[in-house]
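Student: Residue-level listing of the chains:
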Amino acid sequence: MFSFTKEQKVFDISGISVGGQPGMYPTVLFGGLFFKGEPDFDDAKRHLQTMYDLSKQTGTPVIPDFFIRKVEYIQPIIAFIEKVIPTKHPFSIDVIEPSIKIETLGLLAERKLLSRTIYNSIHIGITKEETEALQKYTPEMVIVVAFNPKDKSPDGKIEVLENGAHLIECGLLELVRKIGIQKLLVDTAALAPGENSGAAIAALPVIKEEYGFPAGCAIHNVVEKSRWLNDFPFAKKTVDVASNNTIPLFGGDFAIFGPIENVALVVPLIAWQDILVSEYTENYFGVSPIASHPRRKLLK
Amino acid sequence: MKQKLKTSVIGSYPIYIDTLDVIKDYFSEQQTSWTKYIEQAVHDMTSAGINLVSDGQTRDPFIQLFTRNLRGCRVRARTEILGPVQYTGPITEPDQRYAKRLLPRNTKLIGVLTGPYTLMKSSVDFFYYDEKQLAFDFAVALRNEAELLLKHVDLISVDEPFFSNEFPDYAKEMIGTITKGLSRPTRLHVCGDVSRIIPQLVDMPVDILSHEFKASPYLFDVFREYSCVKKMCIGAVRSDDVIVETVEEIVTHVKKAITIFGKNVVQIAPDCGQRMLPRDIAFRKLQNLVKAGEIINGG
Chain A
1 MFSFTKEQKV FDISGISVGG QPGMYPTVLF GGLFFKGEPD FDDAKRHLQT
51 MYDLSKQTGT PVIPDFFIRK VEYIQPIIAF IEKVIPTKHP FSIDVIEPSI
101 KIETLGLLAE RKLLSRTIYN SIHIGITKEE TEALQKYTPE MVIVVAFNPK
151 DKSPDGKIEV LENGAHLIEC GLLELVRKIG IQKLLVDTAA LAPGENSGAA
201 IAALPVIKEE YGFPAGCAIH NVVEKSRWLN DFPFAKKTVD VASNNTIPLF
251 GGDFAIFGPI ENVALVVPLI AWQDILVSEY TENYFGVSPI ASHPRRKLLK
Chain B
1 MKQKLKTSVI GSYPIYIDTL DVIKDYFSEQ QTSWTKYIEQ AVHDMTSAGI
51 NLVSDGQTRD PFIQLFTRNL RGCRVRARTE ILGPVQYTGP ITEPDQRYAK
101 RLLPRNTKLI GVLTGPYTLM KSSVDFFYYD EKQLAFDFAV ALRNEAELLL
151 KHVDLISVDE PFFSNEFPDY AKEMIGTITK GLSRPTRLHV CGDVSRIIPQ
201 LVDMPVDILS HEFKASPYLF DVFREYSCVK KMCIGAVRSD DVIVETVEEI
251 VTHVKKAITI FGKNVVQIAP DCGQRMLPRD IAFRKLQNLV KAGEIINGG
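If you read the sequences in order, they're chains A and B. Numbering follows the working numbering, in which position 252 of the first sequence is assigned residue number 252; successive positions increment by one, without gaps. Numbering follows the working numbering, in which position 233 of the second sequence is assigned residue number 233; successive positions increment by one, without gaps.
Just so you know, these hints were derived from the structure itself, not from any lab. Here the structure is a predicted model, which is why all the values come from computation and not from measurement. Where a beta carbon is used, it is the ideal one built from N, C-alpha and C, also for glycine. There could be a bad hint or two in this list.
To be verified - Under the rule of at most 27 Å between Cα atoms (straight-line distance), these lysine-lysine pairs were calculated in the BS3-like manner:
1) A/K150 / B/K151
2) B/K36 / A/K225
3) B/K151 / B/K4
4) A/K183 / B/K151
5) B/K4 / A/K150
6) A/K150 / B/K36
7) A/K178 / B/K24
8) B/K291 / B/K4
9) A/K150 / B/K230
10) B/K24 / A/K128
11) B/K172 / B/K230
12) A/K150 / B/K172
13) B/K24 / A/K70
14) A/K136 / B/K24
15) A/K225 / B/K24
16) A/K36 / B/K24
17) A/K128 / B/K172
As the list claims (entries may be wrong) - Label pairs and their in silico Cβ distance ranges:
18) B/K151 / A/N230: 34 to 42 Å
19) B/L82 / A/K236: 37 to 45 Å
20) A/S288 / B/Q30: 41 to 49 Å
21) B/Q30 / A/R177: 24 to 32 Å
22) B/F126 / A/P86: 48 to 56 Å
23) B/K4 / A/S99: 53 to 61 Å
24) B/G49 / A/F232: 54 to 62 Å
Here chain A stands alone, though its shape is the one from the complex:
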């Protein structure tokens, strides 16, 4: 368990704080919705309610991560967000296609939702048009994916943050500064087994010590790519959920844990892990957890 010498940044969005020294703030969980494409709003509503209830019960902060795969889904998904997500609660939008990103930003601005938006994500694939849209419609917070195709080690992730690994004009951190976004989360870019899959976890303390920015990743993707686990279907689900534990254990601040359907397993697990980390870091480093931390909430 860690305490970093570099001053740790803590960013707030609509009442949720991300970052800081390990043990101070609970791990923030992002639960994915509509990954497969077409939104099932009834199903989503049910899962969201479960997620918020679990969060209230444990103290583990949760944020819904909305995948938007097609242009025609933008309007209904944003309408769903307006209707279902509590008005003082943040959400993230998870889009790959630049044209969909740009249109989504415009609608979020129109609906005055940008102050609650986490933009997932900025990376080496950013286009000029997307950059301009972000300057015009600036979200409150952004996830920066530190994927470097040339070097998948923690050093490669720092390289892409620093200078874009010479693939884009400047480093991703400078790019975010130029856009005018102050609050950023670094996603350490989990990769498949055989591609230095452990580096995403190893990079968490490296990034935090280097920059002090909140760091996390979607480590469960590595489990999905571990084909050998298909021979162990019962264990696979356990491994998928448990993989998220490695994030707080290595000093990380947030976990993008995959489908929201797993929320009932992931939230108590991470609350348990956060308590473990907090007990040690308070005893050894003197880092006290905030009032809403699972340790305060669940250990009376």
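Position chain B against the provided structure of chain A, taking the given hints into account.
Tutor: Coordinates of chain B only, in the frame set by chain A:
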């Protein structure tokens, strides 16, 4: 006197890396493939009719291309030296092997190595605190790579731009560490103003010297003062200027070189790697270089 010069490149070629495509591969959990970028670079060079092509060095700038793959080096904002520099396995060889498969008959391949002095000077040293030792360890590593490349390439070219800024007294021994006894011809490329180090350059343990005579035509006059028996690669189109030299201009330039170096002019090339040029400009420069070469050879 009939000339038999070859057209060549120095190393890098400007290929646009589609980073959106790269990130989409990441999100769909596909491995990034670099082969299409090598194909584009080699295609341009061979389409232009260049005799001696490279793999385009598309994967990385010429420093990181090597240091990223050497033990003891850490690449972040710059290359940092954290331990003894050691060769651990193929660096450019897989790309060269792939480039070789793309070549038409009679087109030759250059194995380009960034020189040890340039690698040393471009790194931040947290371990050796001894420039010479670090440079020699780079040289030993590059020798290993050169030996591996011999199976695939027709010429080994060592790129040492830092020599024009600062020339170490151990340069000959260091370059010899790479080139000694290699079974392919060797070339040393030093761009920039080399007018102060010509006596040392002509004594280098390589077969061919390569310099930027187009951007620095005064080098002709300086070389005239020395008896240079080395074979020469003449920089004949600029790598730092988007104006495309005409065929006639290149012919005049090369003819001037021939008046000084005679039959020792064996290659004409861009002044340096073309990475900084727009791709269409780089291509047109190569086309004109080839046309000029044909005129010279046929004259």
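Student: With reference to the structure, classify each hint as holding or not holding.
Tutor: Results of checking the hints against the structure:
Our distance criterion of 27 Å between C-alpha atoms is met by A/K150 and B/K151, whose separation comes to about 25 Å. With a C-alpha separation of about 25 Å, the suggested pair B/K36 and A/K225 falls inside the 27 Å cut-off, and the hint holds. Between the alpha carbons of B/K151 and B/K4 the distance comes to roughly 25 Å, so the proposed pair stays at or under 27 Å and holds. Straight-line distance between C-alpha atoms of A/K183 and B/K151 comes to about 52 Å, which puts the hinted pair past the 27 Å bound.
For the hint linking B/K4 to A/K150, the alpha-carbon distance of about 40 Å lies beyond 27 Å, and the restraint is violated. Restraint check: the Cα-Cα separation between A/K150 and B/K36 comes to about 15 Å, which is no more than 27 Å; the hinted pair holds. Taken as a hint, the A/K178 and B/K24 pair is honoured in the structure, with Cα atoms around 24 Å apart against an allowance of 27 Å. Taking the CA atoms of B/K291 and B/K4, the gap is near 14 Å; set against the 27 Å cutoff, the hint holds.
The hinted pair formed by A/K150 and B/K230 fails the criterion: a straight-line CA distance of about 38 Å is larger than 27 Å. The suggested pairing of B/K24 with A/K128 holds, with an alpha-carbon distance near 17 Å, which does not exceed 27 Å. Distance hint between B/K172 and B/K230 is fulfilled; the C-alpha atoms sit about 15 Å from each other, no more than 27 Å. Proposed proximity of A/K150 and B/K172 is contradicted: the alpha carbons are some 33 Å apart, above 27 Å.
Proximity of B/K24 to A/K70 is assessed by CA-CA distance (about 15 Å); at most 27 Å being required, the pair is judged to hold. For the given pair, A/K136 sits about 25 Å from B/K24 by alpha-carbon distance, which is consistent with the 27 Å threshold. For the suggested pair A/K225 and B/K24, the alpha carbons sit about 16 Å apart, so the restraint of at most 27 Å is met. For the suggested pair A/K36 and B/K24, the alpha carbons sit about 16 Å apart, so the restraint of at most 27 Å is met.
Restraint check for A/K128 and B/K172: the C-alpha separation of about 48 Å exceeds 27 Å, so the hint is violated. In this structure the supplied range 34 to 42 Å holds for B/K151 paired with A/N230, their Cβ-Cβ distance being about 40 Å. Checked against the hint of 37 to 45 Å, the pair B/L82 and A/K236 passes, with Cβ atoms roughly 38 Å apart. The beta-carbon spacing between A/S288 and B/Q30, approximately 45 Å, falls within the hinted interval of 41 to 49 Å.
For the hinted restraint 24 to 32 Å between B/Q30 and A/R177, the CB-CB distance of approximately 31 Å keeps it satisfied. Between B/F126 and A/P86 the Cβ separation comes to about 50 Å, which falls inside the hinted range of 48 to 56 Å. Here the CB-CB span from B/K4 to A/S99 is close to 54 Å, well matched to the stated 53 to 61 Å. Take B/G49 and A/F232: their Cβ atoms lie about 58 Å apart, and the range 54 to 62 Å holds.
Hint compliance for this structure: hints 4, 5, 9, 12, 17 are broken, all remaining hints hold.
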